[in-house]
Amino acid sequence: MNLSENIAGPHEQGLPPKAARPIHGVIAVACAVLLIAMMGLTVVDVLGRYLLNSPVKGATELTELMLAALIFLGLPAATLDREHVTVDLITDRLPLAIDKIRRPIVLLLSVGVQVMIAWRLWVTASQVAGYGGTTATLELPVAPIGYFSAMLCIVSAVIMFAEIFYPMRGKN
1479 MNLSENIAGP
1489 HEQGLPPKAA
1499 RPIHGVIAVA
1509 CAVLLIAMMG
1519 LTVVDVLGRY
1529 LLNSPVKGAT
1539 ELTELMLAAL
1549 IFLGLPAATL
1559 DREHVTVDLI
1569 TDRLPLAIDK
1579 IRRPIVLLLS
1589 VGVQVMIAWR
1599 LWVTASQVAG
1609 YGGTTATLEL
1619 PVAPIGYFSA
1629 MLCIVSAVIM
1639 FAEIFYPMRG
1649 KN
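Start counting the sequence shown at 1479; every next residue gets the next number (the numbering used here).
Derived by calculation from the structure, the hints in this document are not laboratory data.
Just so you know, even glycine gets a beta-carbon here, dropped at the ideal spot from N, CA and C.
Each hint should be verified, as a subset may be incorrect.
Unchecked claim - What follows is a set of in silico ranges between Cβ atoms, one per label pair, in the way DEER data are often shown: (1) 1521 - 1619: 43 to 51 Å; (2) 1521 - 1582: 30 to 38 Å; (3) 1556 - 1526: 31 to 39 Å; (4) 1607 - 1561: 40 to 48 Å; (5) 1509 - 1563: 30 to 38 Å; (6) 1582 - 1556: 17 to 25 Å; (7) 1556 - 1597: 16 to 24 Å; (8) 1525 - 1598: 35 to 43 Å; (9) 1502 - 1525: 33 to 41 Å; (10) 1607 - 1584: 29 to 37 Å; (11) 1529 - 1613: 24 to 32 Å.
Please model the complete structure; the sequences and the hints are all you need to start from.
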């Protein structure tokens, strides 16, 4: 059993998993749509390139933009599922009393990092928007992906912050 399950076990009061299910469901559907679009675009591009000698114009750009959106869209879902990468070489051996102090501190630090990333993404997106940055081939604006990513970092930070006060139950 994972130590985090001991801290926010199924009997502890906290944010019920059913409260997060609609948010998680919307994220899952959006991620699935992006993945299917990326897969379809890649298949059509490869078939066009090798069978018809006519690749899809801007396929690489579209894939890159969709991949960036997919990664940051998955961030709140990973936060809701408590699936962020962790290293627990020492924390598994700490007494529960220490972990009850450590956990909110780590969450606050994580919130700070998420907010800092969001801030820098927003600043960079503003700079790119200021000079009208676009992709090379299709000339799609790049700044909206930066703004979108920044907002999703904030959503993830809010979820982490809420978990300090309303610990989520063990994994569903």
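Consistency of the hints with the structure:
1. With their beta carbons about 26 Å apart, residue 1521 and residue 1619 fall outside the hinted range of 43 to 51 Å.
2. Against the hinted window of 30 to 38 Å, the Cβ-Cβ separation of residue 1521 and residue 1582 comes to about 46 Å, which falls outside the hint.
3. The hint said 31 to 39 Å for the Cβ distance between residue 1556 and residue 1526, and at roughly 34 Å that hint holds.
4. Taken as a hint, the range 40 to 48 Å is violated for the pair residue 1607 and residue 1561, whose Cβ atoms sit roughly 32 Å apart.
5. A C-beta distance of roughly 18 Å is found between residue 1509 and residue 1563, which places it outside the suggested range of 30 to 38 Å.
6. Distance hint check for residue 1582 and residue 1556: the Cβ-Cβ separation is about 19 Å, which falls inside the suggested range of 17 to 25 Å.
7. About 20 Å separates the C-beta atoms of residue 1556 and residue 1597, a value consistent with the hinted range of 16 to 24 Å.
8. Separated by about 39 Å at the C-beta atoms, residue 1525 and residue 1598 satisfy the suggested range of 35 to 43 Å.
9. Between residue 1502 and residue 1525 the beta carbon distance is about 34 Å. The supplied range of 33 to 41 Å therefore holds.
10. Look at residue 1607 against residue 1584: about 34 Å separates their beta carbons, and that is inside 29 to 37 Å.
11. For the hinted restraint 24 to 32 Å between residue 1529 and residue 1613, the CB-CB distance of approximately 26 Å keeps it satisfied.
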